[in-house]
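Let the sequences and hints guide you as you build the complete structure.
Chains as they are written, first to last, in numbering that gives the first Met the number 0: chain A, 0 to 322; chain B, 0 to 293; chain C, 0 to 340.
None of these hints come from the bench; they were simulated from the model.
Warning: the hint list may mix true and false statements.
What the hints assert, rightly or not - Chain A regions said to be covered by chain C (calculated; three or more residues, Cβ under 8 Å):
hint: 1; stretch: 47-61
hint: 2; stretch: 70-83
hint: 3; stretch: 88-96
hint: 4; stretch: 285-294
The structure displayed is predicted, hence computed values, not measured ones.
Think of the CB as a built atom: it goes at the ideal place given N, C-alpha and C, for glycine as much as any other residue.
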Amino acid sequence: MEVRNLFIGFKTYLGKLNVLNGVDFALRKSEKVGIIGESGCGKTTTMKAILGILASNAVIDGGEISFQGHEMLKIGKKQLNQIRRKNLTMIFQDPTAALNPVFKVGEILGDVIKYSGNFDHEKATKKLLREKSIDALKEVSLPDPERVLDSYPFQLSGGMRQRVCIAMSLATAKDLLIADEPTTSLDVTIQDQVLRLMKDLVNRKNLSIILISHALGTIRNTVDTVYVMYAGNMIESSETGKLFSNPLHPYTQGLLKSVPKLTGEGFSEGIPGRIPDYVNPPPGCRFNPRCKYAMEICRKERPRLLEVDADNHKVACWLYNKR
Amino acid sequence: MQIVERVRIIAKRYDLKRKWFRFSRSPLSLVGLVVIVAAIFLALAAPYITPYPREAGLQTNLQDRFLPPSSKYLFGTDQLGRDVFTRTVFGFQYSLMMAGVVLLLVVPPGIVLGLIAGYYRGSWIDTLVMRISDVFIAVPPLILALSIASVLTPSAFNSMMAVSLMWWPWYTRLTYNAASALRNEYFVQASEVMGENSFRIMFNEILPNCLGSILTKITLDVGWVILLGSALSFVGLGAQPPTPDLGTMVAGGSIFLPGQWWISMFPAVAIIVIILGFNLLGDGIRDIFVEEAR
Amino acid sequence: MRLSTFILRRTGLIVFSLVGLSILVFVLARVLPGDPARAAAGNNAPQWAVDQLRRQLGLDKPLYTQYFVWLDNVLHGDLGYSLTTKRDITADVIQYLPASLELIVLAAMFQIAGSFILGIIAGRYSYKAPDNLVRVVSYIGISIPAFVLAIILQLVFSWYFKLFPTTGELSAGIAGPPAITGSVTVDSLIAGKFDVLANALWHMVLPALALCMGAMCQDARIIRSGMVENKDKDYISMAKSQGLPDRTVTLKYLLKPSLIPAVTVMGLDIAALMANAFLVEQVFNWPGFANLGLTFMLNKDLNGIVALVLIIGIMYAVANIVVDVIVAYLDPRIRLMERGQ
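Below, the structure is given as structure tokens:
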């Protein structure tokens, strides 16, 4: 998958929010990629753009997304649905919001399997669908799958709901799983369980995965490559270990310094300033108002995400991009 | 200059500029505002701008009966030769006045009761007030109005009384819901702890926070009261001829359909316009406060 | 609380309200100035005749006695004697109520179908042309009182375009079916006389439309705003992201949660239908219960008025129970609240 120079905005009554400011992103088959960023930096928007489920007030101002050879922003409805059924799937941040409250879990799961394109609709008898639904729930280690199928979402606990969502996404074979902060809304004890479940499934089914999180620890333990996102741009990307040991972008450096250390070496520093106003974002590099290294060019032109050394460490910063 | 300064201060205090911005975003709300302002103007200026003001009352003009709309009689004349245009404009006056009276009678007691019941939530006052309100609310409004009006002698005054009698619980219920929700907010408890007088708390702390929904309701209610009033008049239980009530005029002219359609039609359209205006206006006012709540 | 408790409480409240209303009307009628016996006997009747009538009607007894006498009669099926129609009100009800019921039922069908269609179209194409059209039409529809609409419909479609009949249940010259239920449509269906049925339905179209238009537009707006609000919700995004076909997403997963607020007001809608009958039946000369009721009201026929309030009250209570059950069926959260979250 490749996202090239994506610009997306949202029309609101306050004006147009220019959220995505030229996102560059790439993912190879079987690769595990993580995206870190603060709330509101556009991570979810990018993912929704890939799947074609942006809100109705969204405007695509430019850029391309290609996945397995398809131009996701240009293909027709039918093809898009095919890809959603067979190749691509997403897990949402809030499992309560992701499950329709007035339908039983079995109903929703049954429909997902029914329309997954793996068999003829006509041949999908209720019995067959139910069997497959139970299998899907077993795969995510849900006890008493029959009862879960007959329950409404509000009758299940948070962790169970997220497992149900995972089951729906992976009930049929997929190539890429996008997980948007899958554990953020869960209890800490459950978070670990669900994460481990996901890692296990990803390995077993040989999936590619994009994991979004703002928990640095989770990312560090789970993925091979990390992208750092800020205010609508990917500003750094590298192998996980390399990023944590040698952050290049001033924002990444600030981010890592903000994490308080268990060894208690004084207070952690935050990053002064706030995320920009998307209606009137700063020109050039969007981080420049808060950056202590800001130069003249930073205020004029946006740096692209370019490789710094030969080891696939990319940064979008004028400190490193030779002009 | 002093006036301008005062207006500016008031506008700032109640954040009127932003409220106007939100209100004016919807073209429909602006249409509603224009319509209502025009209606109020017509109502106030009725005796001065209509060609035949006395025909809104007792004067008849029997030699000019049943004339179709013309330049002399804009909306034509009715069965007694009276100018339909004049009577329609006076009808606006009457409808607005009636709505004003009803709401004036209904809103203050309704709100006060709701505030008290909400503030003393769980006590016998609460139970008493709300049970009584529930009884009124459980019955469909028009039925209730008809029932009450039917046992009174039909008249404009009595129909106003009938509508007032059945309308107050809606305000009580609305205020009660808002007040009992706000009652446990920290700012209210803070006032209590400081020893603030209960009534002061109700009116200075709780009430201002309910104003949004109350104002919206009042605006929409003008439309409803007019609708209800004209319905009562239409069936004969409200204003009696020769009062230029729009409902009475529609009823009076209905026997002459379809031939002399103008006698019924113009008052009918006037009713639609005025109700539509208040509905649009009410929605606009709701928009102001909805965004605030978000 | 449990569903059955919830419904029982609601019904109880409505019943209580109606008993209260009947008492109120009962009391008002007898307490206010004006002598009902005199009004019934006429201004020229001699005093002894008026007194005799008063005794006959039991108006000389204390108020609470009168009320309990009435209540006792009602529980035995005797609604009293109408001084306007000069016969038992129960007989009046049996004769005139079916006609109103068939109108209300047809109006309800129009309303549900109409609000669904308009609401779904507006929701699906929100902010585009079809939506704007529906919104404008519904705004106007809500603002037209039923009697105004009735007259306009009659004027335009009956008089001017001559598409529908003006008044009455059946056209002149068409014999009604043998009366079994008293409802022309049902009876002609039973008797197999489909031409009579068709004629009767043709007569019902305009009045039914006048009855339901306001509520139809109101419900359409509620459905529309529900769909627009829910359109961007996560569970719809999820359904789309799984590749579910558009039609399934819209008509199944988007519609059901959007319907719930509309169904919740259905009880009020039915009340509106019953209330509007008073305004519409007169215009179309429909021989229904509301038309009769108006006659009672204008003639100060106290027995009639009180009986009217009672009957309407009972119908409203029954309708509310039905609506509550439907809402509970649609929204499992109401049904199952004591379990789960």
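(request) Could you check the structure against the hints above and give me the numbers of any it violates, in ascending order? (result) Those not satisfied come down to hint 4.
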